[in-house]
Amino acid sequence: MSNWIDIAALTAIPQRGARVVKTAHGCVAVFRTAEDQVFALNNACPHKAGPLAEGIVHGKAVTCPLHNWVISLETGMVQGADQGQVTTYPARVEDGRILLDATFLRTRAVA
Amino acid sequence: MKHLVVIGAGMASGRVLEHLFETEPGAYRVTLFNAEPRGNYNRIMLSPVLSGEKSYAEIVTHDDDWYAQHNVTCRFGERVVHIDRAAKVVRGENGDVAYDKLLIATGSAPFIIPVEGHKLPGVCAYRDLDDTETMIEACAQNAKAVVIGGGLLGLEAAAGLRLRGMDVTVLHLMGHLMERQLDPAAGYLLRKDLERRGITVLTEASTKSIHGTDHVEAVELADGTVLPADLVVMAVGIRPEVTVAKMAEIDTGRGILVNAQMQTSDPDILAVGECVEFDGQLFGLVAPLYDQAKIVAASLLGEDAAFVPKELSTKLKVTGCDLFSAGDFADGEGRDDIVFRDPARGVYKRLVLEGNRLKGAVFYGDTADSNWFFGLIKDGTDIADMRETLIFGPAFQGGAPEDPLSAVAALPRDAEICGCNGVCKGQIEDAIAAGATDLGAVRAVTKASGSCGTCTGLVEQVLSVTLGDAFQMPAAQSICACTDLTHEDVRRMIKGQELKSMEAVWQECGWKTSCGCHICRPALNFYLLADWPLDYRDDPQSRFINERKHANIQKDGTFSVVPRMWGGITNAAELRAIADAADKYNVPTVKVTGGQRIDLLGVRGEDLPAIWADLNRAGMVSGHAYSKGLRTVKTCVGTDHCRFGTQDSTGLGIKLEKALWGSWTPHKVKLAVSGCPRNCAEATCKDVGVVCVDSGYEIGVGGAAGMDLKEIEPLAKATTEQEAIDITIAFVQLYREHARYLDRSYKFIAKVGIDWVRERVIDDLDERAALIARFELSQTIYRTDPWAAHVDEQAETYHPLANLTLEAAE
Chain A
104 MSNWIDIAAL
114 TAIPQRGARV
124 VKTAHGCVAV
134 FRTAEDQVFA
144 LNNACPHKAG
154 PLAEGIVHGK
164 AVTCPLHNWV
174 ISLETGMVQG
184 ADQGQVTTYP
194 ARVEDGRILL
204 DATFLRTRAV
214 A
Chain B
3 MKHLVVIGAG
13 MASGRVLEHL
23 FETEPGAYRV
33 TLFNAEPRGN
43 YNRIMLSPVL
53 SGEKSYAEIV
63 THDDDWYAQH
73 NVTCRFGERV
83 VHIDRAAKVV
93 RGENGDVAYD
103 KLLIATGSAP
113 FIIPVEGHKL
123 PGVCAYRDLD
133 DTETMIEACA
143 QNAKAVVIGG
153 GLLGLEAAAG
163 LRLRGMDVTV
173 LHLMGHLMER
183 QLDPAAGYLL
193 RKDLERRGIT
203 VLTEASTKSI
213 HGTDHVEAVE
223 LADGTVLPAD
233 LVVMAVGIRP
243 EVTVAKMAEI
253 DTGRGILVNA
263 QMQTSDPDIL
273 AVGECVEFDG
283 QLFGLVAPLY
293 DQAKIVAASL
303 LGEDAAFVPK
313 ELSTKLKVTG
323 CDLFSAGDFA
333 DGEGRDDIVF
343 RDPARGVYKR
353 LVLEGNRLKG
363 AVFYGDTADS
373 NWFFGLIKDG
383 TDIADMRETL
393 IFGPAFQGGA
403 PEDPLSAVAA
413 LPRDAEICGC
423 NGVCKGQIED
433 AIAAGATDLG
443 AVRAVTKASG
453 SCGTCTGLVE
463 QVLSVTLGDA
473 FQMPAAQSIC
483 ACTDLTHEDV
493 RRMIKGQELK
503 SMEAVWQECG
513 WKTSCGCHIC
523 RPALNFYLLA
533 DWPLDYRDDP
543 QSRFINERKH
553 ANIQKDGTFS
563 VVPRMWGGIT
573 NAAELRAIAD
583 AADKYNVPTV
593 KVTGGQRIDL
603 LGVRGEDLPA
613 IWADLNRAGM
623 VSGHAYSKGL
633 RTVKTCVGTD
643 HCRFGTQDST
653 GLGIKLEKAL
663 WGSWTPHKVK
673 LAVSGCPRNC
683 AEATCKDVGV
693 VCVDSGYEIG
703 VGGAAGMDLK
713 EIEPLAKATT
723 EQEAIDITIA
733 FVQLYREHAR
743 YLDRSYKFIA
753 KVGIDWVRER
763 VIDDLDERAA
773 LIARFELSQT
783 IYRTDPWAAH
793 VDEQAETYHP
803 LANLTLEAAE
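Residue numbers (the numbering used here), protein chains in the order written: chain A, 104 to 214; chain B, 3 to 812.
Hints in this document: simulated from the structure, not taken from any laboratory. No experiment lies behind these values; they were computed from the predicted model shown. Among the hints, a few may not be true.
[Stated by the list, open to error] Just a few of them, taken from the derived set where beta-carbon distance is under 10 Å, the chain A residues facing chain B:
1. A121
2. P149
3. T166
4. V181
5. G187
6. A205
[To be verified] Chain A regions said to be covered by chain B (calculated; three or more residues, Cβ under 8 Å):
7. 124-137
8. 189-198
[What the hints assert, rightly or not] Calculated lysine-lysine pairs in the BS3-like style (CA-CA distance at most 25 Å, straight line):
9. B:K630 with B:K449
10. B:K296 with B:K312
11. A:K163 with B:K103
12. B:K248 with B:K210
13. B:K194 with B:K248
14. A:K151 with B:K557
15. B:K557 with A:K125
16. B:K586 with A:K125
17. B:K296 with B:K103
18. B:K497 with B:K557
19. B:K497 with B:K312
20. B:K312 with B:K4
21. B:K90 with B:K248
22. B:K497 with B:K514
23. A:K151 with B:K103
Built from N, CA and C at the ideal position, the CB exists for glycine as well.
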């Protein structure tokens with residue numbers, strides 16, 4: 104069962120940018136693409152835990168700021184020759200507000 | 003299934019097993035003994051391991067999986083104590099193994115000079131991974147190493163130890179280095195090259211004894227000189243390891259005697275590699291070992307094959323030392339020399355002719371054509387027709403420069419392309435015919451260019467010749483996968499078509515992605531703001547995190563903060579403010595940087611605006627230590643305090659920093675001003691370096707001390723301080739307008755030439771003024787303190803978007 108909670112205004116994140124949301128289990132990175140879609144991912148690159156929210160966002164992907172791994176915002180899959188996957192969480196925009204599914208955020212430690 | 007026992011897991015036996023399993027996988031089951039507690043690895047890559055350029059894991063050629071997959075029983079770390087030829091049994095320390103065929107590949111042992119003290123801890127050879135590890139462990143900044151032996155191995159060891167910060171001296175018994183491969187002139191250039199790296203070279207140096215009580219302390223030479231030493235490396239030569247063979251009463255000379263089928267005096271026992279002697283010859287380089295390995299595999303499978311030694315060539319595997327030597331270049335009756343020297347470029351070439359044949363060749367500083375010359379030596383080509391222009395290489399034969407590919411096209415199928423792996427042109431052609439159409443695929447199938455990599459260009463040329471238009475030579479590289487255009491193409495379009503936004507560039511240049519990527523966007527952002535400072539609005543989302551947050555990201559996601567210290571000058575109030583900030587924000591590390599500033603390391607991202615505000619209040623601004631922009635202007639104390647200082651060098655440094663700070667550039671820009679040629683500010687390795695002299699200011703550009711080490715090239719001499727400042731600004735603007743993103747100034751100069759720079763910045767005073775005017779215009783917009791701006795307007799973005807910790811804990 105989903106439990107959507109209002110996080111912030113969409114405009115609080117720049118286009119092709121990201122901000123973090125603190126949770127009890129660590130930080131989630133919330134991304135906003137050039138087309139105003141939002142995505143929520145674990146804020147740690149599978150390589151060396153680089154903070155993905157600080158990366159460059161292009162298309163529906165983000166490049167980790169530490170060693171340039173490219174990660175799909177849609178699936179969390181690492182692109183190209185590298186291997187790995189980042190946990191993703193349901194996120195959407197409604198009336199200019201960013202909504203995340205709190206059920207998933209709470210259970211992430213189990214996942 | 004027959005049983006093959008192999009003694010020794012070196013490069014030769016590894017290659018034998020590969021050939022064996024490839025040709026007839028089920029022919030033998032194998033037991034592999036190795037005295038070293040590990041399997042096969044690429045010994046010629048130990049030098050990169052020593053210098054820290056590679057790790058051991060990267061040079062392993064066969065891992066546990068490979069042995070398991072091919073059903074090889076590994077007995078690593080176990081010595082062979084006896085061979086019973088009558089019973090056909092090998093006795094290891096842990097038990098007997100019967101064999102049908104036995105392969106001895108015991109390699110060679112390093113020769114240790116038996117001088118007094120040679121057994122002290124801290125004295126080692128340079129032969130295997132254990133030696134390499136001993137050397138790496140001994141490495142400490144400014145610790146002293148003495149390398150005995152100025153041959154290939156000794157020099158690679160010396161260069162590796164030097165790269166690890168050791169204070170290195172090379173002792174060589176002969177009059178010049180690498181005397182077996184080089185003539186005295188090339189030896190001299192090599193020596194100069196090594197000395198420039200900070201390695202001391204002593205020739206005609208005979209070691210008398212090694213001093214020390216429980217560890218090596220010094221080396222004493224025959225002439226009484228005593229050199230302090232924390233590590234002594236002996237690299238004076240190797241001799242075939244024949245102990246096991248002698249025990250078994252197999253015929254040996256200097257090495258184990260083998261016939262052309264690599265059989266010893268016992269036909270069921272074969273030998274391969276550095277332990278063998280064939281036709282009076284011993285083998286130390288890897289190419290003939292690999293040839294032998296093929297013959298051994300064939301012999302084991304009952305095929306007909308014969309080993310034929312080939313001419314050998316040598317390259318020194320020290321990064322940045324271009325040296326090539328092949329054939330025989332001793333003086334002799336009926337021999338002529340052709341010598342070419344270019345002292346300014348440090349180039350030396352010597353060809354040795356006998357009649358109309360090329361017998362030997364030595365090149366230093368420019369080895370581009372070495373393979374062509376090596377081919378002439380191997381083939382015994384008649385060079386009578388091209389004797390006059392021979393020294394200038396293949397491009398000058400036949401009057402006009404010919405297509406570089408025709409030389410490769412003309413090579414026979416058995417011409418060796420990759421010396422490290424013994425791969426000839428025919429094997430590469432076969433691989434291409436079987437579907438390998440790019441460098442990576444050829445490398446995977448044949449191993450060509452997979453070791454030291456110096457033949458990469460040749461392999462590409464073979465691809466190009468074989469595939470024709472189907473192969474695209476990776477010459478003009480596009481910026482990234484989003485476009486086929488090069489950096490230069492795009493800069494031209496931005497200026498020529500007046501493209502003033504990112505969207506305009508994507509549209510007009512036909513970008514293949516919706517909004518670029520992490521490679522092209524930072525480049526485009528810089529080009530647009532450098533060319534259109536009034537029209538273009540900087541895009542923070544196209545900047546790397548360091549520039550977006552004006553601080554260096556560290557490996558744990560924290561940041562470092564570096565306030566500007568104009569010309570390296572500070573005062574008690576600033577130091578107090580920095581100390582207070584360090585306390586207040588729990589800064590774990592406070593470090594003085596190489597650029598005369600103070601680095602606060604380990605600041606949390608969300609604390610950045612607050613720590614900046616505190617430092618701003620004390621009068622300090624961002625040091626741009628994170629930016630592709632002006633970093634520092636390093637200075638000495640000049641006439642203020644120094645008895646040698648000739649000008650107010652500190653004052654000039656501060657003026658330059660105040661003029662240039664905040665300007666974005668293609669890559670980082672570092673300056674220094676030294677007050678006299680003693681150069682305490684190290685101005686000669688900066689993007690712009692000013693050395694003050696009595697008569698004025700000597701300005702050089704294009705220096706660097708990073709990935710490449712470059713000395714500045716002289717640009718001009720200025721008589722007044724203002725002229726020095728003008729020239730510096732004009733040069734920086736020229737670099738901003740024409741360099742490709744992420745090219746340091748030396749790469750930019752290498753592309754356009756220093757004369758082209760001089761014409762615009764020095765000779766043409768109108769152009770100089772115009773460059774300065776365009777720079778000043780840009781500075782009216784960008785010379786702002788980003789710290790203050792972010793504290794005022796963007797502090798919010800440094801904090802989390804939301805904090806769910808409390809809610810989630812419910």
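Legend entry - Indices of hints not satisfied (ascending): Structure breaks hints 2, 4, 5, 8, 9, 11, 12, 13, 18, 19, 20, 23.
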